[in-house]
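From first to last, the protein sequence lines stand for chains S and V. 134 is the number that numbering that gives the first Met the number 0 gives the last residue of the first sequence; the numbers go up by one with no jumps. 158 is the number that numbering that gives the first Met the number 0 gives the last residue of the second sequence; the numbers go up by one with no jumps.
Since the hints were derived computationally from the structure, they do not count as laboratory data. Bear in mind that the values here come from a model prediction, so they are computed numbers and not experimental data. Glycine is no exception: its CB is placed at the ideal position from the N, C-alpha and C atoms. One should not assume that every hint holds.
Ranges of calculated distance between the beta carbons of each label pair, as one might list FRET restraints [what the hints assert, rightly or not]:
#1 Glu25/V - Gly101/S: 28 to 36 Å
#2 Gly102/S - Ser94/V: 24 to 32 Å
#3 Glu25/V - Glu45/S: 17 to 25 Å
#4 Pro29/V - Val32/S: 25 to 33 Å
#5 Lys115/V - Asp110/S: 31 to 39 Å
#6 His85/V - Asp46/S: 44 to 52 Å
#7 Ala76/V - Val32/S: 36 to 44 Å
#8 Asp74/V - Arg34/S: 38 to 46 Å
#9 Asp72/V - Thr7/S: 46 to 54 Å
#10 Ser23/S - Asp72/V: 55 to 63 Å
Covered by chain S, according to a simulated footprint, are these stretches of chain V (three or more residues, beta-carbon under 8 Å) [unchecked claim]:
#11 3-13
#12 20-27
#13 74-85
#14 96-102
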Amino acid sequence: MNASLVTTNIGSLNPKKPVCMRPSAPVLDAIKVMRDTKNGCVLVTEDERLVGVVTERDILRKVVSKDVDPATTQLRSIMSMDPNYLYDDDSVAFALNQMSAGGSRKVTITDTDGRPTGVVTIEDILDYVIEKLNF
Amino acid sequence: MQHEIHLSDFNEPIGVLEPVRPLCVEVGSPLRAAIDMLDEENYGCVVVVRKKKIIGILTEHDILTKVAGQSVDLDRATVDAFMTRHPVCMTVCDSIKDAIKAFRQHNIRHIPIVDKRNHPVGYTSVRGVIDFVVSYFSEEVLNLPPKPMRVGMEEEAGA
Numbered sequence: 000m001n002a003s004l005v006t007t008n009i010g011s012l013n014p015k016k017p018v019c020m021r022p023s024a025p026v027l028d029a030i031k032v033m034r035d036t037k038n039g040c041v042l043v044t045e046d047e048r049l050v051g052v053v054t055e056r057d058i059l060r061k062v063v064s065k066d067v068d069p070a071t072t073q074l075r076s077i078m079s080m081d082p083n084y085l086y087d088d089d090s091v092a093f094a095l096n097q098m099s100a101g102g103s104r105k106v107t108i109t110d111t112d113g114r115p116t117g118v119v120t121i122e123d124i125l126d127y128v129i130e131k132l133n134f
Numbered sequence: 000m001q002h003e004i005h006l007s008d009f010n011e012p013i014g015v016l017e018p019v020r021p022l023c024v025e026v027g028s029p030l031r032a033a034i035d036m037l038d039e040e041n042y043g044c045v046v047v048v049r050k051k052k053i054i055g056i057l058t059e060h061d062i063l064t065k066v067a068g069q070s071v072d073l074d075r076a077t078v079d080a081f082m083t084r085h086p087v088c089m090t091v092c093d094s095i096k097d098a099i100k101a102f103r104q105h106n107i108r109h110i111p112i113v114d115k116r117n118h119p120v121g122y123t124s125v126r127g128v129i130d131f132v133v134s135y136f137s138e139e140v141l142n143l144p145p146k147p148m149r150v151g152m153e154e155e156a157g158a
C-alpha cells in the first residue's frame, strides 16, 4: 500500500470531468451548476487555462454570509486565485500532500498547457485507499 | 507511526482521529447565526441541538443546495428548515472502518460523535481519515513539495 501510494498516477483514479466557467460568469450560474451537477467546485478558466476555483466554502463565506447578490456578482470577485493543480501522471502522494498539508478537498488536474482535464476529490482518495486495502 | 498501513489499523476507534469540538446551535436559531459560525470558525458543519441533545446537522453543502441563490431571509429563517434531521452519529469507541463505511454509504463528509446521552462531543470527517492515512506516510507524503518539480514546464504553461 505505501509503495503504491507513491507510484500510482493520479490519473488512474478516474478524475471527474471539471465544470469550467469564465471569470465574468455570474456567481448564480456557478451555484446552479454546482447544485445540478453535484460538483463541489467550479473551475474558472480564461483562454481555457485555469485561473481560479470557486468552492462551496467560497459560496458560503463570500456570498451567502455577506449578503452578496450572486446574480450581479462575477466569479472573478470570489474565486480563489492560483489554485493547486497536478498533472495526471503525478503520484497520488502529491494529491494527499495538497489535501493534508494544504487543506484542500479537491485537486485540479491540468494538461501541460494549463488546461483543466479533471478534478480529484478527497472522497476519490478515500475510495482508492479502501480499494487498495480490500475493505 | 511509520509501519506499513494495514486493514487492521482501521479497527482503531475514531477517538484516535482526535475529533474536533463541534459547533452547536440550539434548534430555532436564526440561520444567520449558524452561517456566521461556519464562516468565522472555518468549519464545514454545525450541529443542531435541543436541550443539548443532537437533532440535526447543517453543512456547507446544505447552504449551497438549499440557501445560496434563493430568496432566504437569513435573519428570519431558522436552522431547522435547512438542517438534515437524524444525522448519522457515532461514539468515540466506534471504529475508523465503520466511519469510512458510513461516509461512503451515506455520501457524507461529517459524522457527529455523541456520548451516551446523545450529546455531541465532537465530529469526525473524511479529512480526519485522510490525515490518519497520511500519518503512515509522513516521509512519502508530508516531505513532498506542494507541487512536483517540473523543470522548464511551469514557464511554458504560463503558470
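Now the hints, each set against the structure:
1. Glu25/V - Gly101/S: 28 to 36 Å: 35 Å, holds
2. Gly102/S - Ser94/V: 24 to 32 Å: The hinted range 24 to 32 Å holds for Gly102/S and Ser94/V, with Cβ atoms some 26 Å apart.
3. Glu25/V - Glu45/S: 17 to 25 Å: 45 Å, violated
4. Pro29/V - Val32/S: 25 to 33 Å: 29 Å, holds
5. Lys115/V - Asp110/S: 31 to 39 Å: 53 Å, violated
6. His85/V - Asp46/S: 44 to 52 Å: 48 Å, holds
7. Ala76/V - Val32/S: 36 to 44 Å: Given range 36 to 44 Å: violated, Cβ gap about 24 Å.
8. Asp74/V - Arg34/S: 38 to 46 Å: With Cβ atoms ~23 Å apart, the hint is violated.
9. Asp72/V - Thr7/S: 46 to 54 Å: Holds, at about 48 Å.
10. Ser23/S - Asp72/V: 55 to 63 Å: 29 Å, violated
11. 3-13: Three-residue rule met by the segment 3-13 of chain V, so holds; n is 5.
12. 20-27: violated (count 0)
13. 74-85: With 0 residues in contact (Cβ-Cβ under 8 Å with chain S), the coverage given for the segment 74-85 of chain V is violated.
14. 96-102: Holds, because 4 residues of the segment 96-102 of chain V bring their Cβ atoms closer than 8 Å to Cβ atoms of chain S.
Checked against the numbered hints above, the structure breaks hints 3, 5, 7, 8, 10, 12 and 13 and satisfies the rest.
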